[in-house]
Structures are given as structure tokens and as C-alpha cells.
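**Student:** Residue strings, one per chain:
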Amino acid sequence: MSNIESHTIAYVRDTMIPEQDPPITESGAIKWLRDNLFSGWLNTVLTLLSLLVIWWAIAAIGPWLWNTVWNAGSLRECREALGGTSGACFAVINDRWHQLMFGFYPPRLYWRPVLAFVLLFVALSPILFTNLPRKLLYFSAAYPFIAYHLLWGGSIWLPIGAALGFVAGIVAFAIVRKINGLAAIFAAVIAPVFWWLFLAGPFDATMSSILPLGLEFVRSDRFGGFLISLVIGVTGISLSLPLGILLALGRQSDMVFVKSVCVIFIEFIRGVPLITLLFTASLLLNYFLPPGTSFDLILRVIIMVTLFAAAYMAEVIRGGLAALPRGQYEAADALGLDYWKAQRLIIMPQALKISIPGIVNTFIGLFKDTTLVVFIGLLDPIGLSNAIRADTDWQGIYWELFIFIGALFFVFCFGISRYSMYLERKLKTDHR
Amino acid sequence: MKKSLFVGALAATSLVAGIAQAQTLQAVKDRGELNCGVSTGLAGFSAPDANGVWQGFDVAKCRAVAAAVLDDPMAVNFVPTTGQTRFSALASGEVDMLARNSTWTFTRDIDLRLTFVGTNYYDGQGFMVNRELGVSSATELDGATVCIQTGTTTELNLADYFRANGMSYEPVPIETNAEAQQQYLAGACDVYTTDVSGLAATRASFENPGDHVILPEVISKEPLGPVVRDGDKEWEGIVRWTLFALIAAEELGITSANVSELAQGTDSPEINRLLGSEGDLGAMLGLDSEWAVRAISAAGNYGEIFSATIGDQTPIGLARGLNAQWTQGGLMYAPPFR
Numbered sequence: 001m002s003n004i005e006s007h008t009i010a011y012v013r014d015t016m017i018p019e020q021d022p023p024i025t026e027s028g029a030i031k032w033l034r035d036n037l038f039s040g041w042l043n044t045v046l047t048l049l050s051l052l053v054i055w056w057a058i059a060a061i062g063p064w065l066w067n068t069v070w071n072a073g074s075l076r077e078c079r080e081a082l083g084g085t086s087g088a089c090f091a092v093i094n095d096r097w098h099q100l101m102f103g104f105y106p107p108r109l110y111w112r113p114v115l116a117f118v119l120l121f122v123a124l125s126p127i128l129f130t131n132l133p134r135k136l137l138y139f140s141a142a143y144p145f146i147a148y149h150l151l152w153g154g155s156i157w158l159p160i161g162a163a164l165g166f167v168a169g170i171v172a173f174a175i176v177r178k179i180n181g182l183a184a185i186f187a188a189v190i191a192p193v194f195w196w197l198f199l200a201g202p203f204d205a206t207m208s209s210i211l212p213l214g215l216e217f218v219r220s221d222r223f224g225g226f227l228i229s230l231v232i233g234v235t236g237i238s239l240s241l242p243l244g245i246l247l248a249l250g251r252q253s254d255m256v257f258v259k260s261v262c263v264i265f266i267e268f269i270r271g272v273p274l275i276t277l278l279f280t281a282s283l284l285l286n287y288f289l290p291p292g293t294s295f296d297l298i299l300r301v302i303i304m305v306t307l308f309a310a311a312y313m314a315e316v317i318r319g320g321l322a323a324l325p326r327g328q329y330e331a332a333d334a335l336g337l338d339y340w341k342a343q344r345l346i347i348m349p350q351a352l353k354i355s356i357p358g359i360v361n362t363f364i365g366l367f368k369d370t371t372l373v374v375f376i377g378l379l380d381p382i383g384l385s386n387a388i389r390a391d392t393d394w395q396g397i398y399w400e401l402f403i404f405i406g407a408l409f410f411v412f413c414f415g416i417s418r419y420s421m422y423l424e425r426k427l428k429t430d431h432r
Numbered sequence: 433m434k435k436s437l438f439v440g441a442l443a444a445t446s447l448v449a450g451i452a453q454a455q456t457l458q459a460v461k462d463r464g465e466l467n468c469g470v471s472t473g474l475a476g477f478s479a480p481d482a483n484g485v486w487q488g489f490d491v492a493k494c495r496a497v498a499a500a501v502l503d504d505p506m507a508v509n510f511v512p513t514t515g516q517t518r519f520s521a522l523a524s525g526e527v528d529m530l531a532r533n534s535t536w537t538f539t540r541d542i543d544l545r546l547t548f549v550g551t552n553y554y555d556g557q558g559f560m561v562n563r564e565l566g567v568s569s570a571t572e573l574d575g576a577t578v579c580i581q582t583g584t585t586t587e588l589n590l591a592d593y594f595r596a597n598g599m600s601y602e603p604v605p606i607e608t609n610a611e612a613q614q615q616y617l618a619g620a621c622d623v624y625t626t627d628v629s630g631l632a633a634t635r636a637s638f639e640n641p642g643d644h645v646i647l648p649e650v651i652s653k654e655p656l657g658p659v660v661r662d663g664d665k666e667w668e669g670i671v672r673w674t675l676f677a678l679i680a681a682e683e684l685g686i687t688s689a690n691v692s693e694l695a696q697g698t699d700s701p702e703i704n705r706l707l708g709s710e711g712d713l714g715a716m717l718g719l720d721s722e723w724a725v726r727a728i729s730a731a732g733n734y735g736e737i738f739s740a741t742i743g744d745q746t747p748i749g750l751a752r753g754l755n756a757q758w759t760q761g762g763l764m765y766a767p768p769f770r
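Just so you know, the sequences run in chain order Y and V. Residues in the first sequence are numbered consecutively from 1, following my numbering. Residues in the second sequence are numbered consecutively from 433, following my numbering.
None of these hints come from the bench; they were simulated from the model. The structure displayed is predicted, hence computed values, not measured ones. Take the hints with a grain of salt, since some may be wrong.
Said to hold, decoys possible - Computed footprint of chain Y on chain V; a stretch qualifies when at least three of its residues, placed anywhere within it, have a C-beta under 8 Å from a C-beta of chain Y:
(1) 467-476
(2) 699-705
Claimed, not checked - Per label pair, the in silico range of CB-to-CB distance:
(3) Y:W56 / V:Q760: 53 to 63 Å
(4) Y:V122 / V:R563: 19 to 29 Å
(5) Y:I190 / V:D720: 29 to 39 Å
(6) Y:I210 / V:F538: 17 to 27 Å
(7) Y:F166 / V:G464: 54 to 64 Å
(8) Y:G358 / V:K665: 56 to 66 Å
(9) V:P768 / Y:G83: 37 to 47 Å
(10) Y:W56 / V:N640: 19 to 29 Å
(11) Y:G83 / V:D699: 41 to 51 Å
(12) V:E666 / Y:F288: 25 to 35 Å
(13) Y:I160 / V:Q455: 55 to 65 Å
In this text, a Cβ means the ideal position worked out from N, Cα and C, and glycines have one as well.
So that you can see chain Y by itself, here it is in the shape it has in the complex (with noise of 0.2 Å):
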């Protein structure tokens, strides 16, 4: 039979055919192509039609940036630098830098700005990563104190006192709570109100006396710009995290009373723009203060915008809270933990890794809503931009400011979210 088989087959292959590259269509950046951008006649259209919209946006703003003058006095020098030419002036970055960063902070005092950011940063770094060092916590916690003597100066004994009001506070938990839990909690909130109301200001007093340290005074209405921004943004953002777990306990808590005030609170809050408590903090409040006391408006703002960051931020967390299985309460009670052990090591742990995307809405929400203290008068970026087209040299600029700021605030907003997204990846949110 074998014979009939090699009469009939003309040719027997006996080597392997050496290895060939895929058909041009079916590799690199063609197969990339027709699989991704015209892979079927709607696609293709589609991807001629998104082609036609880059292009155009590039004619119509390539050029206008490309021609960019980065160095000019007033727009009259830029437009006769351009001669006729389409073009961005950028040069009233260069030139109103610094406005648009601190404001009307004093420039030869720059460096404490620039150097309390920096420490942001040192101090953010262990609650961010937790493979740093344990101990650099404790300079975070002295980092506000110390941020708020870098930026307003005075005294130095002024910061310090209001720490030493934690540290009463601290002490008189010790102490009590060898006798009673629940009074240890009390004293814990009594003995720094105390401390702040009758004795950190003759502490002051005495030490300024003594021994006179601190920085030269900055008054806050010599903030401005980015710095205001921040001072705005990072403190509500570190206040409004803690306030808005304790309002959300507060919801869900059994005692009447506490959980009514959580709940008018929120509810209040979150029923209310925030453009109206701006505008209460800057008009009313001062109506209802005695004359002559000068609550400062900075600190007015701050106050208003934690609390209304607090309302919303208590909702995310109560949505992570709502989220636990009823066992994880149970198991915890089962152990034996008291509430605050049971909320520190069981419930908070899994509820704020569940609400971690919602948190940082809020908080790149917050960061951007600083932007409205625009319509109170105090002159943040938006507000400078405007303050800045009042100067005749820069009358009649307008997308370059607006370009800058968008910027910046993209590179912040940009940093949260990454940074989010790495917290997410290392806890495992979604049980992958």
C-alpha cells in the first residue's frame, strides 16, 4: 500500500520551514491599528472624525502657544514682540509669579511659605506610606503648630501653648482612666478647653515676657494666591476627615441626643451652598460679634469650610459603614472590645478602605471649591487673575491666567487622585 501512497503524493516535505514573521496585517503597530481604530466601518469613521477634531484644535491653538513671549512688562510688549502674530503671553506668569503664588506675603519672608510646604510634605509622608519610619508621625503631629508659626509668626510661645492644650488633654485621659472609662473621656475633652480658656493665655503672656522668640507677624490679609488655596484646602482637608468620622459614629450612635445633633448638623450643612456660608461667615458673623473684635477671615473661612467638607465627608463614611456586614459588629462585641477598640481595630479599618474613592472626591472637591472665597474678596488665584487684568499693563489678558491656574490645580487634584489609586491597589478594595 506504501507504494501506492509514494506514487500518488508528488513531494514529501522533510525539513521544518524556518520560522516566518506574522503577515504585516497581523503584528506591530498595523494589527494595533486595524484591531483599535478601524476595525470595523463605524470605527473607522469615528477615528477619522476624532483625527479631524485633534488636528483642528491643534491648528487653532498650537500656534498661539508655540509663539508664546515669556518675557514682557505689560501686554503692549507682547503684542509688539508678536508683531501681529497670533500668540499666548505667558509673561504675566513670569512677571506676577510670585502674586500668584503668596499673594501680598512679604518677599522677603518667602521662604516660610516655601518652607512650610516643603514640610507638608515630611510630614504627610508617614501617614501616606507606611513603610517610613514609625517616629516621623510625632513630627506630624507637631507639623500644624509649626506650620501655623511658619505662616503667621508672632509669637512662638502662642502655637506651643495650644499644643500643650493636647497634651493636658492626653495626660488627664492617663490619669483618669485608671478610676473610669467613660470620665477619662470627659476629662480628656475638659482639661485642654480648660487649659486654652483660663491658661494658655497667660502662659503666653509670661514666656513672651520672658523669654521673647517667634517670627515676624504676618497678617492674613497679606495671603493670597496659592497660598491661600492651600492653607484653605490642606487644613479642611486634615480636618474634615477626623470631624466627618466622628459625625458619622454620631449618626449611627444609640444616645438620642448625639445622634439628633449629628443629624440636624449634616443634614444643615449639606442642605445649604457653600457659597452661603461663605457669604455668613464674611458678612454675618460680624454682625453678631461684638464691635471691634477682629475674628480673622482666613480662620472664618477655614471654620466654615471643614464643617461643610465634615457634613459630606460623615455621609461617604457612613456609606463604608453601612457597607460591613452586621458579623464584623458582632465578632467585635464577641472579642470582648469596648466601642472605641472595636470601632479602631474592626469597623473604621474596613470602612474607610471601602470609601476611600469617596473621600478623595471630597477631598479634590474641597481643594477645588477654595476657589469661591473669590466671591467674599479674598484674592486666591481666580480672585488675583482678576485683580491682576485690573493693572492697566495686563488689561485685556485672559487665557493665560486661566491656563496657569487650571494647571496647578491639575497637578494637585492629579497628585490625590494618583495617590488614591496606589491606596486602593495596596489594600485591595474591591476582593480581587
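Since the structure of chain Y is provided, determine the placement of chain V on it from the hints.
**Tutor:** For chain V alone, coordinates are given in the frame of chain Y:
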């Protein structure tokens, strides 16, 4: 309804605040600094320069008052206020005076319980169009699209004017002057209407100012002036007569250059009374006799301030017009210093 309720509430609160803070002069002296409410930025009138120092027509007024009261034109804390916050900031005592191109109207004077101490700039609402349209009078604007700032008196004036002339228009609502410039230049509207000073300042910033024409019609009266709280006659007098001193100085030929020389005494009794070498006008204000000398030295007389900040020689390029001295056919008229 909502607005009148708000205005009423504001008036009631400002009444309380006004009683509580009658002694503005003493407060300013104790503080060593004048809190002056200005606009957050209006070309030629108030804007911070590259060094953060406020400059402008309204700013110069604040500096003159600070010089008269505190002997230091730089002892002013400028509080930027917006259109919404300005009167509350004044009524609540956050600022001692407003120099923020606010129009003197009946309701603001009477209902809001504020005191307009005088007029330092006579403005009026006008129109700007592209020269290519070939329009030479506002009466030819029938059917035009008009860029207009919302929530201002200009909006109401515009409606009144077009109705009175039996014309129609299509409003393009905008929020700020900067936005208006963009919309107008992009051709979103045929006409831009706001105060003539604002139009001139806006036009000066265009790449080709000559392509745009400001129509001759001025359809409203906008007397702009400094404002103080009701109920403090002493402070009101200081701010009012500082303004008059600047105006009178121009009329009498007193400038920042020759004021110290003239203060030694001249043949003119009026100049002598104003500059304090004769009589005791300063003491009647609660100040010393040199108060007007300092006010005029701060930034010059009214004419000098005008030409340095918004006049012909500046990019804003406003003519004196109604704001010339009464002797030159304008409305600037200071009562006698006697």
C-alpha cells in the same frame, strides 16, 4: 420682594452696627491704620501692582484720607470687596470707608443707611460697537445683541432706554468685565454696554482700539463716590472734606509740588484757611491744622490724581468731561472752605 427683604434686613443690621461704632476716627487712630474698602480690581480705579501695592483713582482717595488722619498715606489696609459684600463690609465695621466706584442712589443713601460723602467721578452708561458696523448713534441699535453684566443697574438702564426709544435688543448675559471683553471680541454680541469709564478702559486693552467706537449717547447718571456709615458725623466730615480739599486744591492751583511752599502762607485767604496757616478748620474736624496739606501731598490734587491714574496720559485715556472743574465747564465743585 426678595431683594427688598434683604435690603431691609441689611438696613436693620447696619443701624445696630452704626450705633455700636460711632467713634470711627478714634478707632482709626488707635489702630494706626485706615481700613479702606476697594474693588477687587478695576482698571485705573483700584488694582495691586507687581509689588502688591494698590494703585488707582479710588486708592488715591483712601491714601489722602489716611494722610490727613494718620500722617501716613501708606497706612491703609485695603480690603478688596465685591459688589455683593461692599455695603455689608462697611455697615458691619469691617472697613471704615468705601472708595469703590459705588453709584450714589436714593435707596443706598436712605434705605441702606449709608452716607455718600460726595462724588469723585461722574460716570454714565454708554455703548461700544465695532466700527465696521457703521453705527454712529445708539438710536440705530434696534435688534442688536448686547453684552450686559447681570444683576447691575446697567441692566435696568438698558431695558429702560430701549423701551423708551421703541427698540428691541437681545441680551447676552455675562458675569465679569473680562468675560465681556472675550464675548465682545469673539463677536458673541454687537454691542457692549457698561459705564463709559469701563468701556474706555476695556477698549484701551484691545489689540486694535481704533476698530471700536464708543457711541456718544450716555443713557444714565452714575455719580460714583466714597461712602461711610450713617451716624458718625465727625468721620463723615473728615472723608467728605478731604475729598473737597482735593477738588478745591485743583481749583486754587495747589499741587503736590507747591503745597508745602503755599502752606507757609499766601495772599489768598481761602488757600490759607485750607492749608491751615489761617483759621482753625482742622481743629473743627478733630484733626490738626496741617491735615489738608498732608492729604494733597499724598497723591496730589484732584486733577493730578485724575491724570496720573485714568487721564489722557494713561492707557485708560479718559477725558475730564463732566469731571472737569466747574470753572472749566465740568461738575467738580467744592463748597467754600470758610
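**Student:** Indicate, hint by hint, whether the structure satisfies it.
**Tutor:** Going down the list of hints, with the structure as the test:
no.: 1; hint: 467-476; verdict: holds (count 6)
no.: 2; hint: 699-705; verdict: violated (count 0)
no.: 3; hint: Y:W56 / V:Q760: 53 to 63 Å; verdict: holds (56 Å)
no.: 4; hint: Y:V122 / V:R563: 19 to 29 Å; verdict: violated (60 Å)
no.: 5; hint: Y:I190 / V:D720: 29 to 39 Å; verdict: violated (54 Å)
no.: 6; hint: Y:I210 / V:F538: 17 to 27 Å; verdict: violated (60 Å)
no.: 7; hint: Y:F166 / V:G464: 54 to 64 Å; verdict: violated (36 Å)
no.: 8; hint: Y:G358 / V:K665: 56 to 66 Å; verdict: holds (58 Å)
no.: 9; hint: V:P768 / Y:G83: 37 to 47 Å; verdict: violated (56 Å)
no.: 10; hint: Y:W56 / V:N640: 19 to 29 Å; verdict: holds (26 Å)
no.: 11; hint: Y:G83 / V:D699: 41 to 51 Å; verdict: violated (57 Å)
no.: 12; hint: V:E666 / Y:F288: 25 to 35 Å; verdict: holds (26 Å)
no.: 13; hint: Y:I160 / V:Q455: 55 to 65 Å; verdict: violated (37 Å)
The structure does not agree with the numbered hints 2, 4, 5, 6, 7, 9, 11 and 13 stated previously, though it agrees with the rest.
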